[in-house]
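Student: Residue-level listing of the chains:
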Amino acid sequence: MSQSTVAKYFSLTWEMTKINILSAMEYRFSFWMLVFGMIVNDIGLLFIWVIFFQRFPEINGWQFQDTVLLFSLSTMAFALVMVFGGGAFEISRKIRQGELDYYLSFPKNILWHCSISKTDISAIGDFLFSIIIFFFSGDISLSKIGLFLLMVLPSAAILFSFIVITQSLAFWVGDFEDGAYNLFHALLGFSLYPQSVFHGLLKLLMFTLLPAFFIVTLPVELVKNFSLLNFALLVTVAIGITILAVKIFFAGLKKYESGNLINVKS
Amino acid sequence: MNQEKQYLSVFHYLKSKILKYFEIVKVHYFSSWAYFTNVIGSGFTVVIRIWIFTQLYTISYQASGATIINGQSVAMVVWGLMLVQSFHGATRPNVSRLIEDDVKNGTLAYSISRPYSYILFQLFAFIGRIIPKLFSNLLIGIIAAFILVGPVFFSVKSILLGLILLILGYLLDFLISMIIGLVAFWIEDVSALVWIYQKGQMIFGGAIVPIALFPDYLQNVANYLPFSQLYYGAARLMVNFEMSLFKQFLLIQLAWILIFALLSTYLFKKGIKNVSVNGG
Amino acid sequence: MSHKVIEIQNLHKEFSLKQKDSGLWGGLKSALKPKFKKIKAVDDISLSVNEGEIVAFIGPNGAGKSTAIKMMTGILYPSKGLINVLGFNPGADRQKLAYHIGSVFGQKPQLWYHLPPLDTYNLFARIYELDQKAYQERLNFLVEKFQIQDLLKTPVRKLSLGQRMRCEIVASLLHKPKIIFLDEPTIGLDIIAKQHIRELIKYLNEKENVTIFLTSHDAGDIESLAKRTIVINFGKVIFDDSTEILKKNYIKSKIIELIVSKPIENFDFPGGKIIEKSKYNIKIELDTTSNSIDKLLSYAMENFAIKDINIFDPPMEEIIADIYRQKQS
Numbered sequence: 001m002s003q004s005t006v007a008k009y010f011s012l013t014w015e016m017t018k019i020n021i022l023s024a025m026e027y028r029f030s031f032w033m034l035v036f037g038m039i040v041n042d043i044g045l046l047f048i049w050v051i052f053f054q055r056f057p058e059i060n061g062w063q064f065q066d067t068v069l070l071f072s073l074s075t076m077a078f079a080l081v082m083v084f085g086g087g088a089f090e091i092s093r094k095i096r097q098g099e100l101d102y103y104l105s106f107p108k109n110i111l112w113h114c115s116i117s118k119t120d121i122s123a124i125g126d127f128l129f130s131i132i133i134f135f136f137s138g139d140i141s142l143s144k145i146g147l148f149l150l151m152v153l154p155s156a157a158i159l160f161s162f163i164v165i166t167q168s169l170a171f172w173v174g175d176f177e178d179g180a181y182n183l184f185h186a187l188l189g190f191s192l193y194p195q196s197v198f199h200g201l202l203k204l205l206m207f208t209l210l211p212a213f214f215i216v217t218l219p220v221e222l223v224k225n226f227s228l229l230n231f232a233l234l235v236t237v238a239i240g241i242t243i244l245a246v247k248i249f250f251a252g253l254k255k256y257e258s259g260n261l262i263n264v265k266s
Numbered sequence: 001m002n003q004e005k006q007y008l009s010v011f012h013y014l015k016s017k018i019l020k021y022f023e024i025v026k027v028h029y030f031s032s033w034a035y036f037t038n039v040i041g042s043g044f045t046v047v048i049r050i051w052i053f054t055q056l057y058t059i060s061y062q063a064s065g066a067t068i069i070n071g072q073s074v075a076m077v078v079w080g081l082m083l084v085q086s087f088h089g090a091t092r093p094n095v096s097r098l099i100e101d102d103v104k105n106g107t108l109a110y111s112i113s114r115p116y117s118y119i120l121f122q123l124f125a126f127i128g129r130i131i132p133k134l135f136s137n138l139l140i141g142i143i144a145a146f147i148l149v150g151p152v153f154f155s156v157k158s159i160l161l162g163l164i165l166l167i168l169g170y171l172l173d174f175l176i177s178m179i180i181g182l183v184a185f186w187i188e189d190v191s192a193l194v195w196i197y198q199k200g201q202m203i204f205g206g207a208i209v210p211i212a213l214f215p216d217y218l219q220n221v222a223n224y225l226p227f228s229q230l231y232y233g234a235a236r237l238m239v240n241f242e243m244s245l246f247k248q249f250l251l252i253q254l255a256w257i258l259i260f261a262l263l264s265t266y267l268f269k270k271g272i273k274n275v276s277v278n279g280g
Numbered sequence: 001m002s003h004k005v006i007e008i009q010n011l012h013k014e015f016s017l018k019q020k021d022s023g024l025w026g027g028l029k030s031a032l033k034p035k036f037k038k039i040k041a042v043d044d045i046s047l048s049v050n051e052g053e054i055v056a057f058i059g060p061n062g063a064g065k066s067t068a069i070k071m072m073t074g075i076l077y078p079s080k081g082l083i084n085v086l087g088f089n090p091g092a093d094r095q096k097l098a099y100h101i102g103s104v105f106g107q108k109p110q111l112w113y114h115l116p117p118l119d120t121y122n123l124f125a126r127i128y129e130l131d132q133k134a135y136q137e138r139l140n141f142l143v144e145k146f147q148i149q150d151l152l153k154t155p156v157r158k159l160s161l162g163q164r165m166r167c168e169i170v171a172s173l174l175h176k177p178k179i180i181f182l183d184e185p186t187i188g189l190d191i192i193a194k195q196h197i198r199e200l201i202k203y204l205n206e207k208e209n210v211t212i213f214l215t216s217h218d219a220g221d222i223e224s225l226a227k228r229t230i231v232i233n234f235g236k237v238i239f240d241d242s243t244e245i246l247k248k249n250y251i252k253s254k255i256i257e258l259i260v261s262k263p264i265e266n267f268d269f270p271g272g273k274i275i276e277k278s279k280y281n282i283k284i285e286l287d288t289t290s291n292s293i294d295k296l297l298s299y300a301m302e303n304f305a306i307k308d309i310n311i312f313d314p315p316m317e318e319i320i321a322d323i324y325r326q327k328q329s
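Residue numbers (my numbering), protein chains in the order written: chain A, 1 to 266; chain B, 1 to 280; chain C, 1 to 329.
Please keep in mind that the hints were generated in silico from the structure rather than gathered at the bench.
For glycine and all other residues, C-beta sits at the position ideal for the given N, C-alpha and C.
Worth double-checking, as some hints may not be accurate.
Said to hold, decoys possible - Cβ pair distances, simulated, as ranges:
id, chain 1, residue 1, chain 2, residue 2, range
1, B, 224, C, 108, 54 to 60 Å
2, B, 13, C, 36, 44 to 50 Å
3, C, 134, B, 110, 56 to 62 Å
4, C, 19, B, 254, 55 to 61 Å
5, B, 143, C, 19, 48 to 54 Å
6, C, 155, A, 141, 43 to 49 Å
7, B, 189, C, 108, 24 to 30 Å
8, B, 13, C, 19, 38 to 44 Å
Said to hold, decoys possible - Heads up, simulated DMTMM-like pairs for lysine to aspartate or glutamate below, C-alpha to C-alpha not over 25 Å straight-line:
id, chain 1, residue 1, chain 2, residue 2
9, A, 8, C, 302
10, C, 18, A, 99
11, C, 227, C, 199
12, C, 248, C, 199
13, C, 277, C, 302
14, A, 254, C, 44
15, C, 96, A, 221
16, C, 307, C, 265
17, A, 108, C, 313
18, C, 37, A, 90
19, C, 35, A, 58
20, B, 269, B, 4
21, C, 227, C, 302
Stated by the list, open to error - If the Cβ cut is set under 8 Å, some of the chain A residues that face chain C in the computed set are:
id, residue
22, 12
23, 15
24, 102
25, 108
26, 178
27, 179
28, 257
The whole structure should be built from the sequences, with the hints applied where relevant.
Tutor: Rendered as structure tokens:
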């Protein structure tokens, strides 16, 4: 892709997201309730750990402040994905209902178009929450802020790719909405706990099937203790899994275009 | 028709409705591929969650250097959490949402002219939904907990008395959810209340951190709040029975049930009156 | 000099649908050893369309219409055969082709529901990478012609169906497509709105030589817009000629519905068969070869208290049955 194409897609993404948000703001009350509701929701989740760390102040080097940083980073990555790529979460449903046809009639990349077609408004609440609590995650330095912003991007990319891959399984399996949903929530589950407790087979799972290690564990560790090697690893994984996700989606799209899907609507 | 006969006929009517519903669902859904993959999917999530709890509390206990904290071993904690999550997980779909829909689309208003109590009907439907889900949750949960932390001692007494708390807990959950749904008579969207209630259950319902592990001052507060009296009370007592605790929880439960039963009846009547006055 | 914009040769499309038995065992069986059923949706179609033509593409539901159109727009790829649209192979060059074609699907709107049409238009201008100045000129032109100045800033959800359709069609025209695929463009509209939209489509075709591929169940759309009609059934083309000939040879009756304010005692008109009658409503099937609609209407107006009149074509199934019958004889 040429440089100007990339630039075009970026500015179009911005335009589309703006229009999504404007559209949602037509319902003022709902809009603000979703945003503030989510902030309250996230605070509630964090409060559980306030209680937990009263009983267990440190677990293998992990303290409450680390959980705050963890929450901040994971909600930020999640917010980025759901604001700019909320449509990725609906791929399975759109396959089942034949709604991908709509995107096929436009002269733009279908995965991109489908992904940016929806903005999850409550994720704006996650975004704000992330920023607020970041300032409670210990010493704040310019470099820490810089590292945080740097780590959020590969984290969001891997999360996005995971969603695309699991949702795209519907091209082959048929109705996989619930399946993808369950996998996503299993993945998200890992992102709330002190990362120092995971070991053994479960940790292996976090490297592979449910890549929470690369979405939360490693990025948080890198913000606390930056190492070029680990960062290179994170970026490599991010690029690799993104390429994989794109390949899987378009392979599935070929199948969709053959019209042979179980539930194709003619 | 006298009171007794009236309630009997209502009961038979509801029973036949629920049985019919169950038959239809059984034929179409329970034997379907979608149900099978759904069970596998949510089963997988359950196993992961219990596994995470096991690792979390094993390591945390190790770090604190204790094997028993407030009478709870790691195994008891994990079994307790598994039970809470299994009990709670059986209550989907959300009753508040269902009530909210019925308020909004007028079904509730129409139910006044029917020869049965709307609230009772919803309660029976609630019970009907819980039972299959509860069994599948418990089946998977018990196997997973057994494999991961080994067995925990259950006495017949603890299970039977715990069951009482569980049944009352379900009743309490139903009442609170109904109240939230009924608020739809006055508020456009009850989502905020639903979220607050869910968070309350997560924090003070011992779903992730058992209340027994709370700092002492917070434990007392939590035990008196309704959230802990839904599923935590039952789980806690099944796993580690204490008669004095049982009596305490039972009293607190009954108190909250009384309060919310009165509140829900009041809101229901007021809401209906609102509808008939304003035309809905 | 007219050149071909759509060229289709021996087009085939076969679907292999997985057969799934119901129930748990059925699901397992089909995952391990899948059974497929072959469905032939498009069975050897050949046709070509010249620039500037308005073609009606009709047939019963399930006849293969949407499958054929999806192959022309690149949404589905064919099993066998050649398609060439504006020099592109739609399956392979879908994105490139998309810059030059437009589509309006009556049932699937393109405009954002909660926002004014202008927001969607501006967005489309960016998606289709239109030069800003050219876009503004184009927009002004279309707004004036379609008379939607007052609608531009109103949220789409507040527009009437007719207004919405006009705005939808404008959306599909912003990027000056050379071919437009219109699917049920007047569905649900009243007779005046229908007329208006038809005039606009005709105007566009005349002024800009836009090729129009129209699918509609509304005979009025077809008669007033399309000079040429293609009838498709069971994936095959069974008629491809001028709409005039279709009318003359196959549409030989009309159904006239009269709604009256005083009940009709006796209805007697040569060539008119009563097919439905209730107190204030009567449906007559008129054999148009033996008598004309005008005469029937005059008869009706003279003798009865007419409140409303509806005129229908014979259902598609009948026309197609007639085509088959005539072919055999």
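Student: Measure nothing beyond the straight line between the CA atoms of residue 227 of chain C and residue 302 of chain C; if it is 25 Å or shorter, mark the hint as holding.
Tutor: Cα-Cα ~35 Å, so violated.
Student: Is it true that residue 224 of chain B and residue 108 of chain C lie within 54 to 60 Å of each other by Cβ?
Tutor: 55 Å, holds
Student: Does residue 108 of chain A pair with residue 313 of chain C here, judged by a C-alpha cut-off of 25 Å?
Tutor: 41 Å, violated
Student: Holds or violated: 43 to 49 Å for the Cβ distance of residue 155 of chain C and residue 141 of chain A?
Tutor: 47 Å, holds
Student: Quickly compare the C-alpha distance for residue 8 of chain A and residue 302 of chain C to 25 Å and report which way the hint goes.
Tutor: This hinted pair is violated, its Cα atoms lying about 67 Å apart.
Student: Take the C-alpha atoms of residue 269 of chain B and residue 4 of chain B, compute the straight-line distance between them, and say whether it is at most 25 Å.
Tutor: Distance ~23 Å between residue 269 of chain B and residue 4 of chain B Cα, so the pair holds.
Student: Please verify that hint: residue 15 of chain A, Cβ, nearest Cβ of chain C, below 8 Å or not.
Tutor: With Cβ-Cβ at 6 Å, under 8 Å, it holds.
Student: Take the C-alpha atoms of residue 37 of chain C and residue 90 of chain A, compute the straight-line distance between them, and say whether it is at most 25 Å.
Tutor: 29 Å, violated
Student: Determine whether the Cβ-Cβ distance between residue 13 of chain B and residue 19 of chain C falls within the hinted range of 38 to 44 Å.
Tutor: 42 Å, holds
Student: Holds or violated: is the Cβ of residue 108 of chain A closer than 8 Å to a Cβ in chain C?
Tutor: At 6 Å from the nearest chain C Cβ, residue 108 of chain A passes the 8 Å test, so the hint holds.
Student: Against chain C, with CB atoms and a cut of 8 Å, does the hint on residue 12 of chain A hold up?
Tutor: 6 Å, holds
Student: Given residue 179 of chain A as an interface hint, is its Cβ closer than 8 Å to any Cβ of chain C?
Tutor: It is violated, given that the least Cβ distance between residue 179 of chain A and chain C is near 13 Å, above 8 Å.
Hint check: violations occur at hints 5, 9, 15, 17, 18, 19, 21, 26 and 27; the rest are consistent with the structure.
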